[in-house]
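Colleague: Protein sequence lines correspond, in order, to chains A and B.
Under my numbering, the first residue of the first sequence is numbered 21, with each subsequent residue one higher.
Under my numbering, the first residue of the second sequence is numbered 21, with each subsequent residue one higher.
What the hints contain is simulated information worked out from the structure, not anything from laboratory work.
Accuracy of the hints is not assured; some may be wrong.
Pairs count within a copy or across copies, as identical chains cannot be separated in the list.
Keeping only pairs whose Cα atoms sit at most 30 Å apart, straight-line, the calculated DSSO-like set for lysine-lysine is [unchecked claim]:
{"id": "1", "residue 1": "143", "residue 2": "170"}
{"id": "2", "residue 1": "89", "residue 2": "494"}
{"id": "3", "residue 1": "161", "residue 2": "476"}
{"id": "4", "residue 1": "363", "residue 2": "111"}
{"id": "5", "residue 1": "484", "residue 2": "89"}
{"id": "6", "residue 1": "484", "residue 2": "172"}
{"id": "7", "residue 1": "22", "residue 2": "544"}
{"id": "8", "residue 1": "108", "residue 2": "77"}
{"id": "9", "residue 1": "161", "residue 2": "413"}
{"id": "10", "residue 1": "574", "residue 2": "352"}
{"id": "11", "residue 1": "363", "residue 2": "108"}
{"id": "12", "residue 1": "111", "residue 2": "208"}
{"id": "13", "residue 1": "574", "residue 2": "169"}
{"id": "14", "residue 1": "494", "residue 2": "312"}
Owing to the predicted nature of the structure, the values given are computational and were not obtained by experimental measurement.
There are 2 protein chains.
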Amino acid sequence: MKIVVVGGVAGGAGVAARARRIDETAEIVMFERGEHLSFSNCCLPFALSGIVDKSDKLVLMTPEGFWEKYRIKALVKHEVTEILPDKKEVKVKNLLTGECFTESYDKLALAPGANAILPASIKGIDRENVFVLKNVSDIKKIEVFVSEKKVKKISVVGGGFIGLEVAENFRAAGKEVSLVEGLSRVLKPLDEEMAQFLHKELLDNGIQLYLGKTVSEIGEGEVVLSSGERLPAEAVIMAIGVSPETKLAKDCGIELGQTGGILVNYNYQTNYPDIYAVGDAIELTNRLSHDKSRLPLAGPAQRQARAAADHMFGETHSNRGVIGSSCLHLFKLNVANTGLNEKDCKEHGYHYDFAYTLSTDKVGLMPDAHPLFFKLIFEKPTGRILGAQAVGKGSADKRIDVIAAMISMNATLEDLKELELCYSPHYSTARDVVNQAALVALNLLHGKFRQVPVYKVRELVESKACIIDVREEKEFARGHLIHAVNIPMSQFRERLSEIPRDVPVYLHCRSSQRSYNVICALQKLGYTNLYNISGSFLGISFYEYYRDKTEGRKPIVTEYNFN
Amino acid sequence: MKIVVVGGVAGGAGVAARARRIDETAEIVMFERGEHLSFSNCCLPFALSGIVDKSDKLVLMTPEGFWEKYRIKALVKHEVTEILPDKKEVKVKNLLTGECFTESYDKLALAPGANAILPASIKGIDRENVFVLKNVSDIKKIEVFVSEKKVKKISVVGGGFIGLEVAENFRAAGKEVSLVEGLSRVLKPLDEEMAQFLHKELLDNGIQLYLGKTVSEIGEGEVVLSSGERLPAEAVIMAIGVSPETKLAKDCGIELGQTGGILVNYNYQTNYPDIYAVGDAIELTNRLSHDKSRLPLAGPAQRQARAAADHMFGETHSNRGVIGSSCLHLFKLNVANTGLNEKDCKEHGYHYDFAYTLSTDKVGLMPDAHPLFFKLIFEKPTGRILGAQAVGKGSADKRIDVIAAMISMNATLEDLKELELCYSPHYSTARDVVNQAALVALNLLHGKFRQVPVYKVRELVESKACIIDVREEKEFARGHLIHAVNIPMSQFRERLSEIPRDVPVYLHCRSSQRSYNVICALQKLGYTNLYNISGSFLGISFYEYYRDKTEGRKPIVTEYNFN
Chain A
21 MKIVVVGGVA
31 GGAGVAARAR
41 RIDETAEIVM
51 FERGEHLSFS
61 NCCLPFALSG
71 IVDKSDKLVL
81 MTPEGFWEKY
91 RIKALVKHEV
101 TEILPDKKEV
111 KVKNLLTGEC
121 FTESYDKLAL
131 APGANAILPA
141 SIKGIDRENV
151 FVLKNVSDIK
161 KIEVFVSEKK
171 VKKISVVGGG
181 FIGLEVAENF
191 RAAGKEVSLV
201 EGLSRVLKPL
211 DEEMAQFLHK
221 ELLDNGIQLY
231 LGKTVSEIGE
241 GEVVLSSGER
251 LPAEAVIMAI
261 GVSPETKLAK
271 DCGIELGQTG
281 GILVNYNYQT
291 NYPDIYAVGD
301 AIELTNRLSH
311 DKSRLPLAGP
321 AQRQARAAAD
331 HMFGETHSNR
341 GVIGSSCLHL
351 FKLNVANTGL
361 NEKDCKEHGY
371 HYDFAYTLST
381 DKVGLMPDAH
391 PLFFKLIFEK
401 PTGRILGAQA
411 VGKGSADKRI
421 DVIAAMISMN
431 ATLEDLKELE
441 LCYSPHYSTA
451 RDVVNQAALV
461 ALNLLHGKFR
471 QVPVYKVREL
481 VESKACIIDV
491 REEKEFARGH
501 LIHAVNIPMS
511 QFRERLSEIP
521 RDVPVYLHCR
531 SSQRSYNVIC
541 ALQKLGYTNL
551 YNISGSFLGI
561 SFYEYYRDKT
571 EGRKPIVTEY
581 NFN
Chain B
21 MKIVVVGGVA
31 GGAGVAARAR
41 RIDETAEIVM
51 FERGEHLSFS
61 NCCLPFALSG
71 IVDKSDKLVL
81 MTPEGFWEKY
91 RIKALVKHEV
101 TEILPDKKEV
111 KVKNLLTGEC
121 FTESYDKLAL
131 APGANAILPA
141 SIKGIDRENV
151 FVLKNVSDIK
161 KIEVFVSEKK
171 VKKISVVGGG
181 FIGLEVAENF
191 RAAGKEVSLV
201 EGLSRVLKPL
211 DEEMAQFLHK
221 ELLDNGIQLY
231 LGKTVSEIGE
241 GEVVLSSGER
251 LPAEAVIMAI
261 GVSPETKLAK
271 DCGIELGQTG
281 GILVNYNYQT
291 NYPDIYAVGD
301 AIELTNRLSH
311 DKSRLPLAGP
321 AQRQARAAAD
331 HMFGETHSNR
341 GVIGSSCLHL
351 FKLNVANTGL
361 NEKDCKEHGY
371 HYDFAYTLST
381 DKVGLMPDAH
391 PLFFKLIFEK
401 PTGRILGAQA
411 VGKGSADKRI
421 DVIAAMISMN
431 ATLEDLKELE
441 LCYSPHYSTA
451 RDVVNQAALV
461 ALNLLHGKFR
471 QVPVYKVREL
481 VESKACIIDV
491 REEKEFARGH
501 LIHAVNIPMS
511 QFRERLSEIP
521 RDVPVYLHCR
531 SSQRSYNVIC
541 ALQKLGYTNL
551 YNISGSFLGI
561 SFYEYYRDKT
571 EGRKPIVTEY
581 NFN
């Protein structure tokens, strides 16, 4: 058996190493167009701040190492220029010498990856101060440029995972950083109200954020936005997204899917059964939406590589599609998500609802306890869990991993409510964030109360709806919604006459727990038109803050409160 | 509806608060024998070090607060002395005034908790310097005694969760601490090889550990062990376990289960349908072993309280039994477990096997990456996940929560292997600890390789078995097994003649990944008698260290290596 692998990073190196474990006698050849094999892509941004201290360390394996340990012939600076499926051969060009040669294969694996998008429509996109961040060579180029030109002002274009990580790490390195994002919010997998935490975090950490703006021109020391604004920028990092590298595949007749990624079957075979494809270049099926998608993430790439290599030797893996789990560190925040968000649910016609909770991430008495903002999306009326998003200073990743596990096992809210997680005050609360979210969601599903989302509150305030704040008087004094009436939980039973029965009444407290209690009591007392404001005052403060501060909007609160 | 609750802490307070949410008009009365309601039991040990800074803060709610917010009449220092099920009444004694009275109920909830065991067989067990840690008053007594007597030397008896937390927190407060445990290892839910990490951590942090020892006498300033050893101890904390508080229940004819806990049905009703019981005093069914057990943990108590209160109003919850998830912080270690351990599996006749891995908890390039020791136990031949244990400096709790979710959903290794968790170098690796453990476990299940556990290695070394260490020469030079032959992974193909075919060959490296690769290759080359040493050199070092150091055993390694 002779296996040829195109691409020597995550997916490609994974196929090669796995093939060797299966068959010690197979001949395995791997071609990588770039300078480096098997580097840690996901660590690239951290080299900018020095968290990862040397860019050389990012390279996990050398060609010599691959040969010594795995007897894999790995060639860098070698580009596969053509695939000849009928002859089962590839044409290869040595980029250092210009020499071309032909290599035969029994099985071919394509792991060409994806390229950073550089829109030709942006004037000056080909300037020497414009960079992308796809490999170790890019990091080295940036390092040299920043140090030689004594760069202080940097603009990052794109507010996705890479853009945010690049912005954070340049800021940590003491640079003045601006971030430009075409959408009205960063990090697309998050819903609007969850993204607001990130906007505040960026603002608090001195990053100039330009939302809903695009770049029209990159000039000498500046970036010009379509709006006409000019941002000082001695260097520009483009991180608006990636497009799958499919030219090689397409040229030899390999079919592409509707998203432009390489079409593969259950076993990661292309339309040529001896040619497999894995990684960022392929099209996947979303397990929840049944939609076609691309998911340029390292975890799925690793699983694909193993499955493809095994299938070359006759073993089939299960392929359940992807749910899309990801996480991000942003200054003091941990951010994570899995499954579908509200936008996805709407697009796919799901009948859904969501719980939005802010439990503390560990027992409140512990010195480092913080609220964790958690959004749990479920299907109606089945209660099946569809997705979740978490933001806070505590373990967002832990909660999202638990939800990812539950989604993978087709769990319902009832399952999540009963979930018996490990608890000590150092790590969580006896009723963990995820259990609490399941309880709130079940109450919604069972029709036990109704809620309005935090993004509807401005409208309520502006229309002078009846809003009751059930926090105690001292809390109310430290900031409250304009027009809100303060009827503390400890007094509402004596002040029922102040709570109208003929109009909708919207209740909140700090975190929605007390207001939920009051709603239960009032409903039992015959009130029928009550709504809990999900997220309550803490959620409202975080949701409103960034736009109030940057757009000069009139706040709907007398004072924000983030504690 | 009139509800009487006996016990005002976790379970009892939970029943009362939930009942109020369901029915604003119900009359709810709660009696607590002690001084405080609804305190944070699980935080008690942290008050000893000042992590939780004031013992008063441990009290979450006052009787006034219960009345103001919930209209729950909560009475402290009131002991329910008798239950009259036929009359549906309880007799109550006011412990401050001595006054006795009768209270009627429609529904009664018992949440009496459990008492710390104080064996009468220990001479001096009733001395004034002997303490337990069950409530806020205990903490205050200890604080006063330690400060007035200027206590420096403390002995903790019992190496379970509470004993370990007490020992850690007294040590953090600068005390000289000894810990006495009757078993050969601390923390019973862990298997032997996992507990060794804790032993080393205790030793490294200056705690004098006495394993397999019991206390025969507590004297003036000392503890005398059955072995005759005398430990200086001005104060002694007894934490050898708890026994359910069942006298009140038993006296009125409530049936107890085989474990001595109160017998309840699916809805937490006792044999008197109007009397419910929840919390540490009741007997539960283990969902995996189908065994009866008691589980004095806060998470399950909360779920029981909600279910019992709901059932009083006609709503039934699902009751799936318990799996037992717990976690512990011990100096720099995080420790967590869920489901069955090896001992449980043996006792219940499970046909099982386990993977023991030590993946890094985040990408190795990150400055705070550490190995996470992970044991995953599964059923054969079904591959169903039965339990897991994790120890390390990283997020053990996260991985165990994921496994708890998978166990709850009856997941198999195949499900765990495919699990799509969120990944960023800050939090994990592209193939997370739990995915990696599933892959190793599947290889074992599929018969792709065989392993010997780390606790068999001493026997192999002593019998001069053929052990091959495939780490590179430099690593071997920094410490290796006595008698082991060093054939680095980068050389084995040229040195096949040194690897015998006629005897069992045991291979290892640092973490078992390289040795697994070599085993795959050798098997393909016709070797049939190969074993991977699970845990490899790092696991061996941790496993052997504590006993070598404390028992004066001859080490089986030339030097330990913990990196």
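Colleague: Checking an output row: residue 111 and residue 208, CA cutoff 30 Å. Within, between, both or neither?
Modeller: neither (39 Å within a copy, 62 Å between copies)
Colleague: Tell me, please, which holds for residue 161 and residue 413 at an alpha-carbon limit of 30 Å: within, between, both or neither?
Modeller: neither (34 Å within a copy, 35 Å between copies)
Colleague: Quick one: residue 484 to residue 89, C-alpha cut-off 30 Å, is that within a copy, between copies, both, or neither?
Modeller: between (71 Å within a copy, 28 Å between copies)
Colleague: Can you give me the call for residue 161 and residue 476, within, between, both or neither, at a CA distance of at most 30 Å?
Modeller: Neither, since 47 Å and 52 Å both go past 30 Å.
Colleague: At most 30 Å between CA atoms: does that hold for residue 108 and residue 77 within a copy, between copies, both, or neither?
Modeller: neither (36 Å within a copy, 73 Å between copies)
Colleague: Check residue 574 against residue 169 for me: Cα-Cα at most 30 Å, and say if that holds within a copy, between copies, both or neither.
Modeller: neither (42 Å within a copy, 61 Å between copies)
Colleague: Which holds for residue 363 with residue 108 at a C-alpha limit of 30 Å: within a copy, between copies, both or neither?
Modeller: So residue 363 and residue 108 fail the 30 Å test inside a copy (44 Å) and across (55 Å) alike.
Colleague: Have a look at residue 363 and residue 111 and pick one of within, between, both or neither, based on CA distance no larger than 30 Å.
Modeller: neither (44 Å within a copy, 59 Å between copies)
Colleague: What label fits residue 22 with residue 544 when the C-alpha limit is 30 Å: within, between, both, or neither?
Modeller: Answer is between; shortest inter-copy Cα gap is 16 Å, intra-copy 74 Å.
Colleague: Please work out whether the CA atoms of residue 494 and residue 312 approach to 30 Å or closer within one copy, between two copies, in both situations, or in neither?
Modeller: Neither way: residue 494 and residue 312 sit 52 Å apart in one copy and 49 Å across, limit 30 Å.
Colleague: Should residue 89 paired with residue 494 be assigned to within, between, both, or neither, using CA atoms and 30 Å as the limit?
Modeller: between (67 Å within a copy, 16 Å between copies)
Colleague: For the identical chains here, do residue 143 and residue 170 meet the 30 Å Cα criterion within one copy, between copies, both, or neither?
Modeller: Within one copy only: 24 Å inside, 76 Å across.
Taken one by one, the earlier hints fail for this structure at numbers 3, 4, 6, 8, 9, 11, 12, 13 and 14, listed in ascending order.
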